[in-house]
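Residue numbers (our numbering), protein chains in the order written: chain G, -3 to 108; chain R, 4 to 118.
Hints may contain errors.
Selected chain R positions facing chain G (Cβ under 10 Å, derived; list incomplete) [as the list claims (entries may be wrong)]: (1) S12; (2) Q40; (3) V46; (4) S61; (5) C95; (6) F108.
Listing some non-contacts, in silico: residues in chain G with all C-beta distances to chain R over 10 Å [unchecked claim]: (7) V7; (8) T8; (9) S10; (10) L15; (11) T22; (12) T24; (13) E38; (14) S54; (15) G57; (16) T66; (17) E72; (18) K73; (19) D80; (20) G101.
Just so you know, these hints were derived from the structure itself, not from any lab. From the three backbone atoms N, C-alpha and C, an ideal C-beta is built for every residue, glycine too.
Residue-level listing of the chains:
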Amino acid sequence: GNSVTQMEGPVTLSEEAFLTINCTYTATGYPSLFWYVQYPGEGLQLLLKATKADDKGSNKGFEATYRKETTSFHLEKGSVQVSDSAVYFCALSAQGAQKLVFGQGTRLTINP
Amino acid sequence: EPEVTQTPSHQVTQMGQEVILRCVPISNHLYFYWYRQILGQKVEFLVSFYNNEISEKSEIFDDQFSVERPDGSNFTLKIRSTKLEDSAMYFCASRGIRGRNTEAFFGQGTRLTVV
Chain G
-3 GNSVTQMEGP
7 VTLSEEAFLT
17 INCTYTATGY
27 PSLFWYVQYP
37 GEGLQLLLKA
47 TKADDKGSNK
57 GFEATYRKET
67 TSFHLEKGSV
77 QVSDSAVYFC
87 ALSAQGAQKL
97 VFGQGTRLTI
107 NP
Chain R
4 EPEVTQTPSH
14 QVTQMGQEVI
24 LRCVPISNHL
34 YFYWYRQILG
44 QKVEFLVSFY
54 NNEISEKSEI
64 FDDQFSVERP
74 DGSNFTLKIR
84 STKLEDSAMY
94 FCASRGIRGR
104 NTEAFFGQGT
114 RLTVV
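Extracted from the complex, chain G is given alone in its bound form:
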């Protein structure tokens, strides 16, 4: 079946550090890929998405590239801020499906 695997958290970094959160997936066909973020006390918000191979999604300084050859969609940011502290979820939506399949989430804490 379809599944998403994220790197284990929590992740703690200093402000201005480089961030990578790994995400790999298993799916038949050509899924769409998403990163959602959950700030403390809030719901899940779409951060970025990519709908086909080699697409790069980007938003708020975050980027992720849809790599079909490695079935990956790693999240990166060049210089993190304290305000980026949140839980990040990688997700996919398979061909012919409406629902999202999520990874387990990675808690990110940025220290000043």
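Let chain G serve as the given structure and place chain R on it in line with the hints.
Showing chain R alone in chain G's frame:
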């Protein structure tokens, strides 16, 4: 900015009791979902709802669960007889148009604790 609203934010209930979790999706949206996240585990799909009927459900969504959109604005999840293992964060989501590439908007979640 339009948003999905869930109430209550936290509910504590005794095992065997019925609970109803409420959601107000974005007003012109057509597709509605419930997901849950047991503490420390993945966010899991429960059910999707379109045109006043269930369009897909997971194996978690057994006879103890039901959904309803009674008045065209609220979207509710009912658990008839709660079990300890139903303790989780429950998220409601809605989507405006069909298509797996379109964004699903999520509420802030209801934390259900069954004691």
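*When the least beta-carbon distance from S12 (chain R) to chain G is tested against 10 Å, hint result*: holds (9 Å)
*Could you let me know if the closest chain R CB is still more than 10 Å away from the CB of T24 (chain G)?*
It holds; T24 (chain G) is separated from chain R by about 13 Å at its closest Cβ, greater than 10 Å.
*If you take the shortest Cβ to Cβ gap from F108 (chain R) to chain G, is it below 10 Å?*
holds (8 Å)
*Verify that the Cβ of T22 (chain G) lies farther than 10 Å from every Cβ atom of chain R, and report whether the claim holds or is violated.*
Fine: 14 Å to the nearest Cβ keeps T22 (chain G) off the interface.
*Checking the smallest CB distance to chain R, is D80 (chain G) really beyond 10 Å?*
The assertion about D80 (chain G) holds, with a minimum of 19 Å to chain R.
*With 10 Å as the threshold, tell me whether G101 (chain G) passes as away from chain R on beta-carbon distances.*
violated (7 Å)
*Non-interface claim for S54 (chain G) versus chain R (Cβ beyond 10 Å)*: It holds; S54 (chain G) is separated from chain R by about 15 Å at its closest Cβ, greater than 10 Å.
_Hint status (Cβ of V46 (chain R) to nearest Cβ of chain G, threshold 10 Å)_ = holds (4 Å)
*In terms of Cβ atoms, is chain R entirely out of 10 Å range of S10 (chain G)?*
S10 (chain G) is indeed farther than 10 Å from all Cβ atoms of chain R, at 26 Å.
*T66 (chain G) clear of chain R by more than 10 Å, beta carbon to beta carbon?*
For T66 (chain G), whose nearest Cβ neighbour in chain R is about 21 Å away, the distance exceeds 10 Å, so it holds.
*asked:* At 10 Å, judged by beta carbons, does G57 (chain G) keep clear of chain R as stated?
replied: holds (19 Å)
*Verify that the Cβ of K73 (chain G) lies farther than 10 Å from every Cβ atom of chain R, and report whether the claim holds or is violated.*
holds (20 Å)
In terms of the numbered hints stated before, the structure departs from hints 13, 20, listed from lowest to highest.
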